[in-house]
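Protein sequences, first through last, are from chains L and B.
So the number in the working numbering is just where the residue sits in the first sequence, counting from 1, plus 221.
Counting along the second sequence from 1, when you hit position 65 you're at 60 in the working numbering, and nothing is skipped either side.
Calculated from the structure, these hints are not laboratory results.
Please note that the accuracy of each hint is not assured.
Unchecked claim - The calculated DMTMM-like cross-link candidates involving lysine to aspartate or glutamate, where the alpha carbons are at most 20 angstroms apart (straight line), are:
id	chain 1	residue 1	chain 2	residue 2
1	B	K100	L	E224
2	L	K324	B	D66
3	L	K240	L	D306
4	L	K261	B	E49
5	L	K262	B	E33
6	B	K51	L	E323
7	L	K324	B	E12
8	L	K259	B	E0
9	L	K324	B	E10
10	L	K230	B	E33
Values in this document were obtained by computation on a predicted structure and should not be read as measured data.
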Amino acid sequence: DTEVTQTPKHLVMGMTNKKSLKCEQHMGHRAMYWYKQKAKKPPELMFVYSYEKLSINESVPSRFSPECPNSSLLNLHLHALQPEDSALYLCASSQDRAGTNEKLFFGSGTQLSVL
Amino acid sequence: TQLLEQSPQFLSIQEGENLTVYCNSSSVFSSLQWYRQEPGEGPVLLVTVVTGGEVKKLKRLTFQFGDARKDSSLHITAAQPGDTGLYLCAGEGYGGSQGNLIFGKGTKLSVKP
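With the hints as extra help, turn the sequences into a complete structure.
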């Protein structure tokens, strides 16, 4: 199994809603990532979990709250989002975070629209 | 701040033509990766280059890492419609930036039959 699975694939939510994005991998990878990608832009790193601990938070607003329940799962809890948060949210994993030449495996993403 | 500049931003060519995409920076990277992304999907890793001057081939795709490890190129020979997509280069830095991939803005390639 070399897949990173993200659900849901599409999500429409209002600014007062609370929703969660889910990501799962069964490759035994110990590093997992959340990226945000706006249309026609490259992915931007949001969070990195290494061995189930948050190791990087790229100054992301608190309305985005990551959670890593175990080494295979990564969630992104969303609350009180703004329309400008509409984007493709990508989850990725790698064998380990440290060192060079780490290969990232990306999921297909969740296309989020905030109304 | 480490930045990766990709050029061209957009490229539209006919099937059978050759093309080269460039990825440049003023910073040195410990490794550089190339990804291809289709609309509504996540990026898929094509190759990783680690050694300065390294050349890697993947069928009709040739990747090169600059001697100084600041730049890279992707050359596609005899492009096919299936090559259409967004090509992203991503570099991994040293020290505190290690493990944090920095993406270029991408080159959107369209190959017409």
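Here's how the hints hold up against the structure:
For a cut-off of 20 angstroms, the pair hint linking K100 of chain B to E224 of chain L is broken: about 25 angstroms separates their Cα positions. Note on K324 of chain L and D66 of chain B: the hinted pairing holds, with a Cα-Cα distance of about 19 angstroms set against a maximum of 20 angstroms. Proximity of K240 of chain L to D306 of chain L is assessed by CA-CA distance (about 13 angstroms); at most 20 angstroms being required, the pair is judged to hold. At most 20 angstroms may separate the alpha-carbon atoms for a hinted pair to count; K261 of chain L and E49 of chain B exceed this at roughly 30 angstroms.
Between K262 of chain L and E33 of chain B the alpha-carbon distance is near 13 angstroms, which keeps this suggested pair within the 20 angstroms criterion. Between K51 of chain B and E323 of chain L the alpha-carbon distance is near 17 angstroms, which keeps this suggested pair within the 20 angstroms criterion. For the hint pairing K324 of chain L with E12 of chain B, the CA-to-CA distance comes to about 30 angstroms; that exceeds 20 angstroms, so the pair is violated. Using a Cα cut-off of 20 angstroms, the hinted pair K259 of chain L and E0 of chain B holds, with the two alpha carbons roughly 18 angstroms apart.
Between K324 of chain L and E10 of chain B the CA atoms are separated by roughly 30 angstroms; this puts the pair beyond 20 angstroms, and the hint is violated. Between K230 of chain L and E33 of chain B the CA atoms are separated by roughly 15 angstroms; this keeps the pair inside 20 angstroms, and the hint holds.
Hints 1, 4, 7 and 9 from the list above are not met by this structure, while the remaining hints are.
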